[in-house]
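Can you build the whole structure from these sequences, using the hints too?
The lines below spell out each chain.
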Amino acid sequence: MRKRHTPKDRLITVALHVALAAGLFFAAFPIYWMLSSSFKSNTEIFALPPTVLPKAFTLEAYAAILGDPVKLRFFFNSYFVAGAVTVLTVLIALLAAYGFSRFNFRGKGSLNTLIISTQTIPPITLLIPFFGLVVSYGIFDTYVALILTYLVFTLPYAILLMTGYLNTLPRDLDEAVAVDGGTSWTALWRVIVPISLPGIVATSVYTFLLCWNEFLFALTLTKSTSMRTVPIGIQLLMGQHAFEWNQMMAMSVLGSLPLLLIYLVAQRFFLAGMTAGSVK
Amino acid sequence: MTRQKRSHHRLKRAVAPYLYLSPSLLIIGLLMLLPMVTVIGYSFQNSAVLRRDPSFAGLKHYHAIFADPEFWASLWHTLYFTCMSVIFHMTIGMVFALMLNSDRINPTLRNILRVLYILPWLFTAVIIAVIWRLLLEPNGVVNSVLMQMGIIGSKVEWFSSTATALHAVTFANIWAGYPLFMVSLLAGLQGIPKDFYEAADIDGAKAYQKLIFITIPQLMPIIISISLLDFIWTMQVFPLIWITTGGGPIYSTEVLSTYTYKLAFSSYNLSQASASAVVILLISLGLTLFYIRYQKAR
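Chains as they are written, first to last, in numbering that gives the first Met the number 0: chain A, 0 to 279; chain B, 0 to 297.
A hint or two may mislead.
Pairs of lysine-lysine, DSS-like flavour, derived with a Cα cap of 25 Å [stated by the list, open to error]: (1) Lys222(A) x Lys295(B); (2) Lys7(A) x Lys205(B); (3) Lys209(B) x Lys7(A); (4) Lys107(A) x Lys205(B).
Honestly, the hints are just simulated from the structure, not real lab data.
Right, dumping it as structure tokens:
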């Protein structure tokens, strides 16, 4: 039984709150600094002593990003590729997950192990053969190249996530369809899909996030400025303007918005995806 | 149902799972397993990708890699970067999870802090790299604060001095990666039955004893599986290092992924890069086997 309100006990509580504040500073200060720098002028960013709040609050960096069609194109490309991959991944993974979750068949165990192990294949290992393939099929510097290659990395996670979700749904529901003479295909679309929406949302969120963050393939398999995605755009900005730090920070803020919004609106789904495969 | 109808139904049931799995298996087979075989093939060819009829090179490219001091330096940097990252991800994640799980803080504050502590996780590697470049600029806020506090005498070029660059990128990666541990351990903490602690209280156990004899053993499966996954993923980190230091100065932050990338796309030595990529693949596969065995044993 813990004794409360002794002086020692109060001291521990105070110490804990001090530690929590220190932790908060560690976690959030770099992000706060990005945000506040994006509202500063480029000269104020390196003012001495540093200004914690922007002294002359300005939206010039955001105006520069949003007024530049080249940069808007980076955003369009990122949204388009991530959106397309998400739709394809969720559809294909749903079918596979249904197979894994509702059927017993030869080779199930080894296929499952195969899919778990593909999660850990180093992207750099696949990059060189992908580059060779993409060039020889003439799809270098196209959306198709990015969509196909991203699919390979999103699919294993999506299958595992969806299978995990479908396994939580009672089998009686789809068996009822079978008793009525329906096929497994009708059971999937009439019964499973409507009640799997939370799982589908979680899978979509995680897939979108993987694509939105991808850097290595976008860097190597595209070349023209009009095909670049946001992460590459940020890198280009760094080389091009000899350190327009406020613009780089504004673009980083804009590039983080989709993930921040998804996180704030759908925290549950977000965390479900982020910890998928690691906690069982 | 007639017998014929029933056997037809059974046949459908037997074929159905393969049909449902076929699109996924086709993609994984064509775009993952086949490229893996291809890259192994490249590593035994001269002028792979670049020439239509490459000649057989034997183990030449592997010899070249293993004779290259830069490769060994990259391997060492990868190990340092990965081990330090995993150790600190685990420690910070554990401390934060324990603090958030304490019943000494008010539930509202707990929820707010939980959201804020996860923040570093929501940012793309490229953005994390850019943020830390800004913070650690020679004229940036970190130097300015450290100099005012008298901790450093002059401006430190964190990312462009060979003495500090590897530590600086490792630090940025530690900051970026602890939330995975924190979230998983927090979920694990909430799953430990309360009676364990009540029984320990009755026996008069001290807080640290409860931590060592109840909490940590109960969390061990999570700690081990997340550490393995984190190790495998951290070993493959590319954008953070590419954007902060590009592997420099003078190879001091070169890791296996940047080393391989430069071989392939700066030197256009795709054969040798393939050999290096195969080495990375083998290391990852070894760790993955270990991970899968562990997961199955659970």
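Cross-check of the supplied hints:
For the proposed pair Lys222(A) and Lys295(B), the alpha carbon gap of about 43 Å is over 25 Å, so the pair is violated. Distance check on the hinted pair: Lys7(A) and Lys205(B) sit about 14 Å apart at the alpha-carbon level, within 25 Å; holds. The straight-line distance between the Cα atoms of Lys209(B) and Lys7(A) is roughly 19 Å, inside the 25 Å bound, and the hint therefore holds. For the suggested pair Lys107(A) and Lys205(B), the alpha carbons sit about 48 Å apart, so the restraint of at most 25 Å is broken.
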